[in-house]
Amino acid sequence: NITFLSIKVRVCLVTLKKKNHLCFDILLIFFSFKLTDILTAIALYLAVQDYNKVLFKKQKLLIELDKYAPDATELIQTPMEMYYIPLKVALFYLLNPYTVLSCVAKSTCAINNAIIAFFILATIKGSTFLSAIFLALATYQSLYPLTLFAPALLYLLQRQFISIKMKSKEFWLYTVQYAGLYLGSLIVIICLSFFLLNSWDFIPSVYGFILSVPDLTPNVGLFWYFFAEMFEHFSLFFVCVFQINVFFYTIPLALKLKEHPIFFMFVQLAIISIFKSYPTVGDIALYMAFLPLWSHLYQFLRNVFILSCVLIVCSLLFPVLWHLWIYAGSANSNFYYAITLTFNVGQIFLISDYFYAFLQREYYLTHGIHLIRKDRTDPVLVLK
Amino acid sequence: PPPRAGRPEGGREGRGPVLRWPFAAGQIYWAKDIIFLANEHDLIGMEAWLEAYHDVNVTGTQSSGTFGRAGAIQAALSLELSSDVITSFDVAVEGLNGQLPNLDLVNLFYSFCQKNGVLCTIQGKLQRSDWDSLPAYLHSLQTLLLMVLKQGSGHPQGDHGLFLRYHIEAITIRGINSFRQYKFDMGVMGVTLEGIFRKLNNLLERLHQSYFFYLLPSLSRFVSIGLYMPAFGFLILVLVLKALELWMKLSSFDREGSPLCDGDQVLNPATMEEPRPSLLTLVPPLLVCHATGLALYFVPVWGQRVATEHFPVSESEAVVLTSIAIYVAGLALPHNTHRALMGSGSDRGWRMLKLLALLYLAMQLSCVALINFSLGFLLTVTMVPVAAIVQPTGPRYLYAGLLLLVTPAVTLLFCIFLYQELMEYPISLLEGWQRFLQAIAEGLLDHYLYGSIVFPFVAIFVYPCWLLLWNVLFWK
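Protein chains in written order, with the working numbering: chain A, 1 to 384; chain B, 1 to 476.
Careful, some of the hints might be misleading.
What the hints assert, rightly or not - Partial chain A-side listing against chain B, Cβ under 8 Å, derived:
1. 312
2. 316
3. 317
4. 324
Stated by the list, open to error - Rough simulated footprint, nothing fancy, chain A against chain B, three-plus residues with beta-carbon under 8 Å:
5. 220–233
6. 364–374
Claimed, not checked - Pulled a few chain A residues facing chain B out of the computed Cβ check, cut under 7 Å:
7. 320
8. 328
9. 329
10. 330
It is worth saying that the hints were derived from the structure and are not from the lab.
Cβ coordinates follow ideal geometry from the N, Cα and C atoms, glycine included.
Could you build the full structure based on these sequences and the hints that come with them?
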């Protein structure tokens with residue numbers, strides 16, 4: 001539906017051209033995209049500000065309860081460190097070259113990002129109803145955000161102090177309530193679309209288009225090259241294999257990050273932007289905006305230098321190889337795909353690095369930093 | 001092979017190529033249209049025709065007149081004949097921005113020359129028959145270096161150079177009439193060219209199976225991208241490893257400063273009290289360097305009129321001299337900026353700046369090597385070793401001298417002398433300077449007329465990056 005929307009925007013442009021208000025209207029459209037980005041940044045700012053307050057309270061509570069190891073005090077975040085984080089998040093989103101690019105390209109990804117940002121804001125503020133509605137809107141637009149249901153539910157449960165137990169009645173009641181709100185609003189929106197168009201054709205042409213990947217125009221994702229090369233009769237199987245990636249990691253992540261739903265949300269956003277069928281750089285910008293929020297993990301990151309170099313080099317090589325392939329005609333699609341592959345592998349390593357760092361920090365917080373083995377050698381953490 | 005003996009010298013059958021070649025026009029085997037084009041004004045005329053033919057306007061050239069079209073052009077041969085007898089053919093392959101035609105077209109030309117016994121050369125050099133002796137290797141190296149220099153200039157080495165960006169494979173064939181005894185007449189030339197045309201006529205699809213990235217040490221041998229790119233990669237690796245080392249040093253500074261490794265409480269008080277400069281301290285040098293680069297790109301052309309009004313120079317001289325002035329002024333400007341902002345520079349500061357400059361340089365060079373390998377290679381070979389060793393401590397004046405030697409302008413001057421040496425036509429220093437000015441003017445002209453990227457690339461990216469290294473040198 002991103003293409004659908006962009007066609008719509010183009011049609012708008014054409015009709016506006018006819019009215020001879022060309023200059024003004026192009027500016028108007030440009031500003032509307034800019035405005036969307038600014039709204040996203042504001043939503044992220046407010047969300048992170050609120051999250052920081054919650055985090056601080058939680059930290060204080062855990063210190064009072066003596067849950068942290070005595071020598072782990074230096075790992076605890078101070079309000080001084082946390083003060084500038086919301087601003088950094090907003091600036092990271094607005095000044096990110098990827099955001100600028102998708103804004104200049106007038107990609108509807110900006111709208112999707114704005115809705116997801118509002119969803120995150122509503123979730124962090126603890127509003128079940130708004131959170132469900134924004135999640136439904138995001139799902140309606142690009143389907144993949146439905147995996148964000150799990151982190152949002154976990155966060156809301158945590159906020160309502162409902163413990164996650166299979167036997168607890170409250171837990172099931174709340175889950176059913178949230179799921180009902182979400183599905184209900186999704187059905188309402190879809191039915192509205194039906195009444196607008198008077199046909200169900202939009203379902204296959206929006207969700208079918210996302211799921212079955214018929215459009216193999218090169219992009220920064222993994223799908224196009226693979227399916228362009230494949231024999232037709234294997235394609236269904238591999239579409240399933242590729243699509244399952246987005247949804248597959250949700251359950252193990254939910255089990256591992258049960259206590260940290262916002263980090264879970266960040267990882268899930270990254271997974272969506274890597275494995276979705278038609279990714280754009282705007283998607284990457286959204287999850288990268290959250291990186292300042294995890295700046296306290298910096299000392300545990302192992303190969304952030306190499307990975308950031310890889311990501312930057314790949315981003316620069318994209319246009320160069322695109323030029324060589326499409327305009328100069330001297331390189332071919334393999335060159336471009338090699339860079340796409342490297343870029344995505346780099347992103348995956350970056351996310352797993354953050355994931356590992358997060359778990360490591362949590363471990364140190366509860367067990368203390370200065371661990372000494374029985375045989376007096378330095379300890380080695382093994383991620384299981 | 002030696003030219004066939006017994007050819008009539010200076011055959012008079014042909015009045016001119018255009019009159020001579022349609023002798024085959026009546027044949028039924030022509031499956032494709034052949035366009036004969038005689039253009040005026042050299043490259044400008046060619047560009048105007050190409051833009052009109054494809055109905056695009058990329059350079060702002062305006063062309064008039066409508067004419068017939070023959071669909072997508074598959075290949076083009078640009079002929080430069082100055083007499084109706086020749087001793088050999090010389091082929092030019094380097095196009096705009098160093099783009100090369102498909103190697104198959106070059107091979108086609110070479111094999112037809114062989115077949116008809118016509119001598120053919122590349123870069124004006126005849127292949128030696130004893131290819132595995134030392135002098136022959138040196139000969140091939142000369143040819144290769146000439147190709148690298150020509151490709152690196154980004155200047156189209158013939159009319160064919162402008163075809164390449166329209167996906168049309170093209171080479172320029174020059175008829176050379178030297179003092180050699182055996183000459184070929186129009187008949188032989190016609191047979192050779194008709195053969196090439198008939199081969200192209202038989203193509204079902206575009207030439208795409210062969211190489212687009214190659215270097216030619218002779219017409220019968222080539223160096224493929226798979227051979228030269230790893231070597232280039234190793235050169236870039238020097239920068240990356242150096243950057244990695246700096247990163248390690250910087251993070252060990254962090255460790256000392258942070259309380260994470262408080263195993264020994266006796267920390268060096270100097271390192272503790274030294275304010276940790278944030279990334280913001282790198283912004284002024286970055287901005288100043290890039291502003292100088294932008295000035296180098298924009299000011300010469302903007303200030304052209306003002307300069308001609310106030311100084312007794314012509315317009316082209318004004319542009320060239322202004323660019324040189326800005327270039328030299330840039331050396332004096334930026335290395336004072338951070339001092340005004342934060343007093344004396346810290347160790348950490350220059351390390352961060354050097355880290356940034358090295359990575360920036362590595363990225364630029366690897367990007368440009370993909371577009372124009374020779375340009376990337378020339379810049380890499382000169383800049384990388386010095387960029388890796390430069391630092392504000394140690395023999396600073398030696399470093400400054402080395403850094404000045406590898407600045408892109410000096411590289412250009414050096415390349416001009418090397419080129420003349422390889423062409424076996426050495427020039428004096430004064431002539432070299434004249435050529436240098438001319439080369440700058442041509443670089444600017446190429447950019448504004450045909451859209452060559454060499455000048456903007458050097459002005460906006462390489463030069464600021466070099467200035468960053470200059471900043472590193474004068475950090476303290």
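Each hint tested on the structure:
no.	hint	in the structure
1	312	holds (7 Å)
2	316	holds (6 Å)
3	317	holds (6 Å)
4	324	holds (6 Å)
5	220–233	violated (count 0)
6	364–374	holds (count 4)
7	320	holds (5 Å)
8	328	holds (6 Å)
9	329	holds (4 Å)
10	330	holds (4 Å)
The earlier numbered hint that this structure contradicts is number 5, and it is the only one.
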